[in-house]
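> Respectively, the protein sequence lines represent chains Z and A.
For the first sequence, my numbering gives the first residue as 1, with consecutive numbering after it.
For the second sequence, my numbering gives the first residue as 1, with consecutive numbering after it.
Warning: the hint list may mix true and false statements.
[Unchecked claim] List of simulated lysine to aspartate or glutamate pairs, DMTMM-like, C-alpha gap at most 25 Å:
no.	chain 1	residue 1	chain 2	residue 2
1	Z	K70	Z	D146
2	Z	K29	Z	D131
3	A	K264	Z	E130
4	Z	K181	A	D99
5	Z	K29	Z	D146
6	Z	K224	Z	D270
7	Z	K224	Z	D146
8	A	K97	Z	E298
9	A	K97	Z	E185
10	A	K97	Z	E187
Please keep in mind that the hints were generated in silico from the structure rather than gathered at the bench.
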Amino acid sequence: MSGQRLSYLVLLALALALPFFVYPVLVMKVLCFALFACAFNLLLGYTGLLSFGHATFFGTAGYVAGHALKVWGLPTELGLLVGTGAALALGWLIGSLAIRRQGIYFAMITLALAQMMYFFFLQASFTGGEDGLQGVPRGTLLGVIDLADDLHLYYFVLAVFVFGFWLIYRTIHSPFGQILKAIRENEARAISLGYDVARYKLLVFVLSAGLAGLAGATKMLVFKFATLSDAHWHLSGEVVLMTLLGGMGTVFGPVVGSSVIVTLQNELADKVGSLVTVIMGSIFIVCVLLFRRGIVGEIAALYKRALGERA
Amino acid sequence: MSEIFGIPIQAFMGQLMLGLVSGSFYAMLSLGLAVIFGMLNIINFAHGALYMVGAFLAWFGLTYLGIGYWQALLAAPLAVGAFGVLIERSMLQWLYKLDHLYGLLLTFGLALVLEGLFTNVFGVSGQPYSIPDELSGAFNLGFMFLPKYRAWVIVASLSVCFATWFVIEKTRLGAYLRAATENPQLTQAFGINVPLMVMLTYGFGAALAGLAGVLAAPAIQVSSLMGSNLIIVVFAVVVIGGMGSIFGSIVTGLGLGVIEGLTKVFYAEASSTVVFIIMAIVLMFRPSGLFGRER
Chain Z
1 MSGQRLSYLV LLALALALPF FVYPVLVMKV LCFALFACAF NLLLGYTGLL
51 SFGHATFFGT AGYVAGHALK VWGLPTELGL LVGTGAALAL GWLIGSLAIR
101 RQGIYFAMIT LALAQMMYFF FLQASFTGGE DGLQGVPRGT LLGVIDLADD
151 LHLYYFVLAV FVFGFWLIYR TIHSPFGQIL KAIRENEARA ISLGYDVARY
201 KLLVFVLSAG LAGLAGATKM LVFKFATLSD AHWHLSGEVV LMTLLGGMGT
251 VFGPVVGSSV IVTLQNELAD KVGSLVTVIM GSIFIVCVLL FRRGIVGEIA
301 ALYKRALGER A
Chain A
1 MSEIFGIPIQ AFMGQLMLGL VSGSFYAMLS LGLAVIFGML NIINFAHGAL
51 YMVGAFLAWF GLTYLGIGYW QALLAAPLAV GAFGVLIERS MLQWLYKLDH
101 LYGLLLTFGL ALVLEGLFTN VFGVSGQPYS IPDELSGAFN LGFMFLPKYR
151 AWVIVASLSV CFATWFVIEK TRLGAYLRAA TENPQLTQAF GINVPLMVML
201 TYGFGAALAG LAGVLAAPAI QVSSLMGSNL IIVVFAVVVI GGMGSIFGSI
251 VTGLGLGVIE GLTKVFYAEA SSTVVFIIMA IVLMFRPSGL FGRER
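Start from the sequences and build out the full structure, keeping to the hints where you can.
Take a look at the structure:
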């Protein structure tokens, strides 16, 4: 175990030093999407539930937190909490409807309800419609640290990410997480063992929605605006892709996947224009056909095989 | 001027017809989804993209090759169907033994690729497609004017839906198809070429989406995003109706189109969300859908 702990410490040290080598805003973007993908992986990778509308939690929290900071003038940390709370509440609403069906229907229901929220945001006045909610102040942390400074904000975002990642890690390795895996492997058996599967599903859905919301609210803070694209089904698809590419059901997969996708989009955006969508779609197809374990999953499988040969 | 619930009858009937038109598209697309799901156990996310491709083929044919509407009505679905067969052979056939989710993800990727390619070439703005001469103008029904093209779309798509129902429920080919849906191994043991039927089923579903696209081309503007906006509503239609019955798909599609059209009359702000709200209500009281059986 000490080897594992050591590697986590090394990674943390790397993350602390990173903004001195890479543009901090890009790293913050990666961290927000990594948290989003980790939250999503809790559902898809560990419980076997494919939510195809997860961007709605990301986007909702962004809008609500942005509104709380800009219009109500709440302190930054409270604004983020309000945004996360909105995502939790929406997660409870959508989750309790979606868990009434299984498998493929679950995916279609979450997608449809997320689309409904998208239309709501498109028409509602507080979101600014197509223009989005712009000019949100970053404010100060606990009234002391000025978050307008990118480097200050970076360490705050890193702290948010580490907290979220730790929470997910603890959840996966808790008895609750074991029951989630049991539901993923064989739902009927979990029911026959006496577990109230619907309650567990709802609970993990709400947790995942809340963490996705925390990621969305934090991303809004980084860029100082919230837009419709944060609640669009394209983003719901992208978070699936990040998780699939990195490796679903692995702790680090979503982090790797989101780093690759965000960096790729960042590099390609002004070079190929709308062909980015084509590239994303092609990665999807390749992953599903040839590469279902994802990057981290493949590495883990190689490592296991190497260990097996030595023994 | 006579009125219904305080709305001029002309406006009311106009929206009712528009609702029936979009309902016809919902019916055709959800029927295709249901047929594909029955045989392949795959939810075809690319269905909206194939619909878009059908519309674009018709538009491209008319604009650049001088292929008229009636030829396009036959040629475009055939081309989209052939493309569907290609997709099934090259990609989908490797997924049948896996979890359903992979089929959804692969076809989602496919939808992104198609949408991105068409956006890249043609942009996102709509391309107009003029109504063929035979179908322009309107019938005067005394109490309202009924545009001929709308009437044609409703009649044509309902005929296609009915023909599909007839083939699947009443013919020998349909019996094979239903047998293969129920138990592929056993059907194959009786000497029926199940993989061929699976391939043709996907091709047929794709052709149906392409046909809907050609029918839609003169009714709405042809654009690269026309499919993705529609497919999510069709998913909601499928959740409401359930995929167990063909007849159920048709009725649910039409019914929801009408409800959506009438919502435009009474409370326009809710017209884009009403189908999703109905889905939520159905999920609360009848989770397996109106015509569905849990599978």
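> It remains to establish, for every hint, whether it holds in the given structure.
Checked hints:
no.	hint	in the structure
1	Z:K70 - Z:D146	holds (16 Å)
2	Z:K29 - Z:D131	holds (21 Å)
3	A:K264 - Z:E130	holds (21 Å)
4	Z:K181 - A:D99	holds (16 Å)
5	Z:K29 - Z:D146	holds (19 Å)
6	Z:K224 - Z:D270	holds (22 Å)
7	Z:K224 - Z:D146	holds (14 Å)
8	A:K97 - Z:E298	holds (21 Å)
9	A:K97 - Z:E185	holds (16 Å)
10	A:K97 - Z:E187	holds (19 Å)
Violated hints: none; the structure is consistent with every hint.
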